[in-house]
Amino acid sequence: MGIRVLTIQSEKCTGCHMCELACSSVKEGEFIPSRSRIRVATNGLEGWSRPNVCLQCEDAMCLAACPTGAIFKTKTQQGDPLIAVDQNKCTDCGACVDACPFGALDFINGLKAIKCDLCGGSPKCVDFCFYGCLNFIELSDEAYQTRTKKIKALALKASREINNLDPYQRRIEFFLEASKFTTVSSDSKGNK
Amino acid sequence: MLQGYKGKLLHIDLSQQTHKTIPISEEILTKYIGGRGLGAKLYWDLIPSETDPLAPENIFMVLTGPLGGTMAPGSGKHLIVTKSPASGGWLESYSSGRMTPELKFAGYDGLIITGKAKSPSSLIIKDDNVEFLDATHLWGKGSFETETYVRKNFHPECGCLSIGPAGENIIPFACVGSDFFRKAGRGGAGAVLGSKNLKYIAVKGTGGINCADMEGLYQLIFKHQKRCKHKIITPMTLSITNTAGMLPTRNFSKGQFKKAIGKIDRDAVIDATVRDRACYACFAGCASITQVKEGIFKGLTIEGPEYETLAMQGANLEIDYLPAIMKANYLCDDLGMDTISAGVVIGFAMECYERGILTKEDTGGLELKFGNYMAVVELLELIARKKGFGALCAKGVKEMARLLEHNTEEFAIHCKGLEFPAYDPRAGWGSTITYSVTPRGACHRRAWPPAVEIVSGVNPFIIEGKAERVRALMTDRCIMHSLLVCDMPGTRMRLTANDWANYLNVVTGSNYSGNDLKNHAEIVETLIRRINIREGFNYKDDILPKRILEESLPDGPPAGKIIGNDNFLKMRTEYYLCRGWDSEGMPTQEIIDKYEFNTEPIMRI
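Chain order of the listed sequences is A and B.
Here the working numbering is used: position 189 in the first sequence is 169, and no number is missing along the way.
Here the working numbering is used: position 330 in the second sequence is 345, and no number is missing along the way.
Mixed in with the good hints, there may be bad ones.
[Said to hold, decoys possible] As a list, the in silico DSS-like pairs of lysine-lysine whose alpha-carbon atoms are at most 30 angstroms apart:
hint: 1; chain 1: B; residue 1: Lys269; chain 2: A; residue 2: Lys160
hint: 2; chain 1: A; residue 1: Lys92; chain 2: B; residue 2: Lys241
hint: 3; chain 1: A; residue 1: Lys(-8); chain 2: B; residue 2: Lys533
hint: 4; chain 1: A; residue 1: Lys137; chain 2: A; residue 2: Lys(-8)
hint: 5; chain 1: B; residue 1: Lys238; chain 2: A; residue 2: Lys7
[What the hints assert, rightly or not] If we take Cβ atoms under 7 angstroms as the criterion, some of the chain B residues that face chain A in the derived model are:
hint: 6; residue: Gln240
hint: 7; residue: Ala287
hint: 8; residue: Asp291
hint: 9; residue: Asp608
No lab work stands behind these hints: they were computed from the structure.
Backbone N, C-alpha and C define an ideal beta-carbon position, used for all residues, glycine too.
Please model the complete structure; the sequences and the hints are all you need to start from.
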């Protein structure tokens, strides 16, 4: 039994934003992309879009930065690695937003730290990505360890450069590279 | 309570720099639905016939529909309704991008913009907050620079409408840009914004949209998405119309452009494609990012070109060099001009030049021969800036023909001042009806007869049955345009009125049937007819150029066939009658009473 991760092949993103709509519809009960846990950055003139979502880092910088222990490592109901937030402990201090080098956490009006919880192991965004950009796939232990190392290395590199960048800029600057680690050959895609 | 809608419009008065929200009743929404239907009601209520399209009294509306901002397929469309600078009557122009979702998230079903700003201005809307900003520093700049500025200084992920120099210079085929390469192209909506001194409108919303039956919506999407197995792009149309002898070539003097094949068709566009794109909330993904790999335009990257641009900036000008068409596409989008009308205008000028009606002296030295793409590139810039010879072309073919005389109106290809799109009616006679009776002028979007005449094998060269077919096709489109979804995925997935009723019901919680929506389409079509009649139009305006009715095409299936005025009039009259109008296209009192138009105005200005 391998380990399932949400993968992003940015070059396949068409900018349809269905992932944001799907995410907010299950998490908030309405179409409200401003509260979506997955977000798409778009450059219409150059003609590209890039989804951004929590990578569920093994060595999560948000977790390390949280002063109240609200962010913790756990597993989804279906056993997938997950970084979760205890809303009761979160004080909305923003340390996790500052810490995430990939801009996967952001301030949202009226809400404490919210992040992707992989919908308990059946991510809705993947169901509604009809262009093959988002997949929820099983990696071998070995592949998962390689991914973990690469993400850690990039996170360390990025964290030295993020001070002046807001989460949106981090998504543009660093997430594309991070998402590449998770790109897998098409034959090992999940069942879509 | 209806879900999906926000239940209010935002009225912005540019003269007074004020704004207020206007509630819309459920009764109105239920009858007029949104988009085209709501636009017709608002135009009827708000724009009196004496209004000059370019005066502060004209109203510029940006409308959404009940499905906008949801996951319903192709629901990222917005609709601009205003009085047309091209025709002087009803104008509806559709585009996509982020405007509709952001408007809805901000809490509005539409914008009603009145008055005129004293100097170049812009409008920033963030939820309840409305700001009027100076835009003097952007005046004269292209749409791309304007939008880049907005995304940098306001919000990178906003909805943004903007105009280029063509809109500022009040050109009757100036478009309104949205998300760089998306355009509300036809009929001169950009000129209305220019006349109001409004350079751009940017909207960001953080709110949400309710949906009555989320699971029901998911299931409809999964069901219909399965019908979209392969990517369909509009350039595929080119080889079809070329084979059918329908592809406008040399200013509509031919219907086939043999050099197009392999050079400016589907294969050529696919070769140039570097990435796929989709509109907001669409799984049909028909857009492509293309790049020029070599030659003088090397490195140029655009979204497109779509079929209409390939045909009108390519075949119609006998240009078989794709990078030049892409350059023209880029220039039109940046300068803010409709690629279709600009293509007809330049084709007309080229014919006049080759016939000696225009000389090199007139054109300011431009060698305006068919196929000279460098002249086209130069001329597009001159048109948008109304410089030199461009000032004449900037008037559109109707006015150009009036000024040039020499019977040039016989080959000035337009109806009601709106230039023809890229399907020659002589190769499929159904389009004589759509081009002549469509309220905004010659238009291929309110119905697309080639779907039955070329694709489905109905005889293109008979008059029998055309009116009923066109009416049915128009009904399908009108439903989509009121729900405000794109007609591209809808048509492709063969979604019926019943399917759309299902979408509408799961989102709004209503109980429409497919027949209710078909009836809605009849109401809207008749209301817009009444609008144009109030504007002074009648059957005498539902006409086509002499070239189309009395000349034959030389190649392909339509070779040697002449439509003839009598045949045209028979089809047109039949269309009027099947709508429940009289033989001169006037809605009868009986039909007016039946549709109960005399409800209270939604608002007063």
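Status of each hint after checking the structure:
1. Lys269/B <-> Lys160/A: violated (51 angstroms)
2. Lys92/A <-> Lys241/B: Violated, because 38 angstroms separates the two Cα atoms, which is more than 30 angstroms.
3. Lys(-8)/A <-> Lys533/B: violated (38 angstroms)
4. Lys137/A <-> Lys(-8)/A: holds (26 angstroms)
5. Lys238/B <-> Lys7/A: holds (23 angstroms)
6. Gln240: holds (6 angstroms)
7. Ala287: Violated, because the Cβ-Cβ distance from alanine 287/B to chain A comes to roughly 12 angstroms (cut-off 7 angstroms).
8. Asp291: holds (5 angstroms)
9. Asp608: violated (40 angstroms)
In summary, the structure is inconsistent with hints 1, 2, 3, 7 and 9 from the numbered list given earlier, while agreeing with the others.
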